[in-house]
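J.: What follows is the residue order along each chain.
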Amino acid sequence: MWITVASGKGGTGKTTVSVSLTLALENGVYVDADVEEPNGALFLKPEIEKVVPYTEPIPQINTDVCTFCGKCADACVYKAIVILKPLKKAMFFPELCHSCGLCAYVCPVEGALAEVPKKKGEIRFGKSNGVEFIEGTLDLGEASASPLIRGMKKLIPREGKNVVIDAPPGTSCPVVEAMEDSDFVLLVTEPTLFGLNDLKLTVSLVKELKLPFGIVINKAEEGNDLIDRYAEEEKIPILGRIPFERSIAEYYSKGIPVIYTLENGKTIFANIYKQIKEIAQNGQN
Amino acid sequence: MDRIKELVVLSGKGGTGKTTLTSSLSKIIKDKVIVDADVDASDMFILLKPRVLKKEIFRGKSVALIHQDKCIHCGLCEQHCRFDAIHKNSEGQFIVNEFKCDGCELCVYVCPVDAITMEQGIVGEWYLSETDFGPMVHARLNPGDENSGNLVTMVKHQAQIVAKEKGLNKIIIDGPPGTGCPVISALSGATATIIVTEPTLSGMHDLDRILKVANQFKVLPKIVINKYDLNNENVREIEKFARENNAKIIGRIPFDHCVIDALLNEKTPVDGGEECRRVKDEIYKIANFANEIFET
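If you read the protein sequences in the order shown, they are chains A and B.
As numbered in our numbering, residues 1 to 285 make up the first sequence, in order.
As numbered in our numbering, residues 1 to 296 make up the second sequence, in order.
Think of the hints as simulated: they come from the structure by calculation, not from any bench.
Computed from a predicted structure; not experimentally measured.
Where a beta carbon is used, it is the ideal one built from N, C-alpha and C, also for glycine.
Label-pair ranges, simulated between beta-carbon atoms:
id, chain 1, residue 1, chain 2, residue 2, range
1, A, Leu96, B, Ile161, 20 to 28 Å
2, A, Lys154, B, Arg277, 51 to 59 Å
3, A, Lys88, B, Arg3, 33 to 41 Å
4, A, Glu95, B, Gly92, 35 to 43 Å
Straight line, CA to CA, 25 Å or less: simulated BS3-like cross-link-like pairs of lysine-lysine:
id, chain 1, residue 1, chain 2, residue 2
5, B, Lys212, A, Lys45
6, A, Lys210, B, Lys88
7, A, Lys277, A, Lys200
8, B, Lys88, A, Lys154
Okay, chain A solo, but in the shape it has when bound (with noise of 0.2 Å):
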């Protein structure tokens, strides 16, 4: 089982059901794919064992065997490089550079152009209270956060574990990258207008990606319906609730995952697994 956390609004609580839900599970796997800001090793302290660089490659132009005849910089989409032929000068800006290898493909001249890793980030694999932990960091003034977490989605196991993705806020493609091959996408939202907005942008992407879903309110209040009324509207199974508690934030702030700290934390989160397996089986409604 492949389980992405996703929300659209950041501030909901990823993080906080990720961790608690893969605490959960038997043989779980915690990815933290929040590559930008990943929190998950505050609250899962896990030991970690191995650091991988995350590298992509981008060209090394070498001007003793260069033409200069610009193909490269022609063909760059992302206007990476520049050739100044007068002058016989190359100029490679990284920070524009996508690592698609184009420009590699269409150089004419051997050793003119070679492709060399360059780090872009890290991944880390450890241990956690049983949990297996893996966390990807964008390094940072790194723009693009989704090769790193295909990158990463390629190191995980899969035979018979089961992974909960703590996907990235927002709708865009990072989050995409996130959700993709996942059986199930959970949606953790508040009942705030900006939950309840953000939610509805982040149900018409996961319904144009065809995966099965479900939700999860954060900061639930007795008297406040706005989630549930859009659930039911739209068919939408609401599987599992966390109260709204300034005890709940004061635990969060030190680092403490709510299924510890929740009153029925432990059932809490295995129902909302159950749910998630009979969902994931026999597909929404």
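Starting from the structure of chain A, add chain B where the hints point.
T.: Coordinates of chain B only, in the frame set by chain A:
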């Protein structure tokens, strides 16, 4: 006229209160243009109720399209694609996943029978609006699409144009979460940033990262601690961190249910009465600091 200054509100971590603070400041600070640069989850419209004056389509990158009538199923495009965007479907056709296609055109070059062309897609819309508190530029990225950094650059550019036209020299920007492309676009060219953090381990971890990005782009950082009374020990940590990094703490907003109540009624905490006094006072204080930033 003075240079137009941009103040961008960021946090690293999502949900720390960027939009609530920015919307509140927008109601207090005068003579400015308001920008919602969190284009993949823009929520400012809920509180500021913009009336759209102009709507423009935002075209993003082109994506590859494989023409099935020409395709000879050699699979070279799939092999070469670094973005994992081309796959064979159940009918044996090679299909481009538009979400994953980066638009690099490598497949167009490798295809031996010219069966692939690039098609430009619409990735969102941006709007020029008016609100009761001044002009506003905002946008909507279609869910699942890319280039939110470019769309952020676009709304900021439009805000500069509006500011010039109307003779305004302040731009207040509600930024996106994270540290990647959209954040870099939001920061670039800004005068200062207010980083909204909270005294939680996640908030502090992300404060550290976003501050480093702000420093990389040489944007003056100021810090606001939201829900500051949640954990005193962590607040002391933040204070120490702020001192060490020369980032002044310009506000401490208490954890108060009145904020949620206000938001549920499509209002900001500064619209409320006495019940939100403590929060309101603190936001007014922050607005004074913000005005100082604009004036220096």
